[in-house]
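Please construct the entire structure, taking both the sequences and the accompanying hints into account.
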Amino acid sequence: NLKYFGNLKQLNLSENMIKKIEKLDGLVSLQVLDLSNNELSKIENLGRLINLKWLNLSHNGLRKIEKLNGLNNLEKLILSHNSKLTVIEKIENLDELVNLKTVRLDRNKIFKLDKLDKLRNLEELMIGENQITRLENLDKLNNLKRLSVSGNRVLRIENLKQLINLVELYMVNCEITRIEKLDELKNLKKLLMSNNKMNKIENLSHLKQLTSLDLMNNKVNGIENLEKLRNLVNL
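Using my numbering, the first residue of the sequence shown is number 1, and each one after it goes up by one.
All clues stand as given, with none of them false.
Ranges of calculated distance between the beta carbons of each label pair, as one might list FRET restraints:
#	residue 1	residue 2	range
1	K109	N51	27 to 33 Å
2	E175	K3	45 to 51 Å
3	N51	E180	40 to 46 Å
Below, simulated DSSO-like cross-link-like pairs (lysine-lysine); rule was C-alpha separation at most 27 Å, straight line:
#	residue 1	residue 2
4	K101	K53
5	K208	K228
6	K109	K20
Calculated directly from the structure, the hints in this document are not laboratory data. Note that beta-carbon positions come from the ideal geometry of N, C-alpha and C, so glycine has one too.
See the structure below:
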């Protein structure tokens, strides 16, 4: 009977036991839709919710999200904790959602970064706790301010130098052995890299805006030019 609520702007059905949901396409005024913490394995026909700005599908069993084309006003997409989601390609039409500002894909089983390069307005990307081994296809996300890749199997810092507006970078619990290729991130204020495999800290002197730096639980035996980071508040 949801089809009768054409003026509805917010719909929260989180923390139920919903396995299937349909007939949402009549909710053309909807701006916020929360279906988190349910038992959904599939969802489709969201493309007609043309005014939707905020969509939360976290904590479900989704393998695939179909037909998102039409969600041209969507700004925030939360798909965290869908452990059956393995490739971003299964999120249909994601690359068409060009007004997205926040995408959360943390705690899934994603092993490759793709289909993100056209999201030029993206400001926050959370892809922690997946199975990613390489940072790629991020270099065109020039408006990105917050990036988390924590808890992945990333070995090297790469393809980040174009992210000149980045303010926060989280790379905790990875496999990184060296800090490199961060010189261009002049606006970076927070860099968290605890629980990695670094034995020497270098190449940080250009990050003049840093206020928080966490290098806990590495194998550090030397730190270079730390005195140049005059804005540090937390170390």
